[in-house]
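Visitor: Sequence:
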Amino acid sequence: MRRKILLPTDFSKNAWQAITYAIELYKKEQCDFYILNVFSASGDIIGGLINMEPGGALYETTKLESENNLAKILDMLAFRDHGNTKHHFETISVYNHVVEAIKNVVEGKDIEIIIMGTKGKTSARNGMFGGVAINVMEKVRNCPVIVVPELAKHNIPKEIVFPTSYKTHLKRKELQYLIDLTKNCSAAIRVLHVLEEAALSEEQLSNKKLLAEYFNGIPHTFHFLKHIDVPSAINCFVQSRESDMVAFINKKHMFFGSILSHPLVKEIGNDSTVPIMVMHDLRN
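Those letters in the sequence shown? Residues 13 to 296, by the working numbering.
Simulated from the structure, these hints should not be mistaken for laboratory data.
Hints are all accurate, no fakes.
Straight-line distance between alpha carbons at most 25 angstroms, and here's what the computed DSS-like set of lysine-lysine pairs gives:
{"no.": "1", "residue 1": "K16", "residue 2": "K40"}
{"no.": "2", "residue 1": "K195", "residue 2": "K170"}
{"no.": "3", "residue 1": "K165", "residue 2": "K39"}
{"no.": "4", "residue 1": "K84", "residue 2": "K121"}
{"no.": "5", "residue 1": "K121", "residue 2": "K16"}
{"no.": "6", "residue 1": "K115", "residue 2": "K263"}
Work the whole structure out from these sequences, hints included.
Guide: Structure, rendered in structure tokens:
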């Protein structure tokens, strides 16, 4: 069965890095890669609204530029990935809002994962995760998202850090993509808990036991840190061990919003050198 992977691009350097990371990550698997560029009007917004219709000069010019740049990516991939007959590439150029376009492609093509850069052409070099990456991680909830920071090394993950508070009862199916990726890469999972209390409650111990059951059959260990805030703990743990990826479940609650509204991901993303995989609470 072929994997279907979506690679959004704005033709920035970071977007290209995410594409090359994706083909390296799945170099041994049969994959259909969909390279998506969402184009829009620039400059005169009022004029853009009037002229940005199929057949209009601005629309046709912008679409042609998008298609030409996508063709250049295909040429570069043919040179880079030429020996891999397992990979098939298809380009998509659409006029839309980025998140809406991504949702449409995920649904229409039955995409199983999105891999994208964290910064676009307009992001400041010293900024954190770009607004588009944050929006995709928050709002596209029917498949996992891997975001690849600008400074990320293209290492196949051998160690994946999974931070958890042990306060949420997770379902096996919510972790299935992490389990599959770990097995495919012959990696290990390091479960990290930042200790805020003197000891784990009975509920936390029960949830920890469940994780051990879910991860049975793959290398995994449990770790804890204390006297440190969560983002700093994750970054310190990853850097000290030279881990290759951070993965977590984005729990969304009606009254409290998403975990991504907390500065956690934004702070992890600042100067991060490892990709971050966001999976979702399937009950929301």
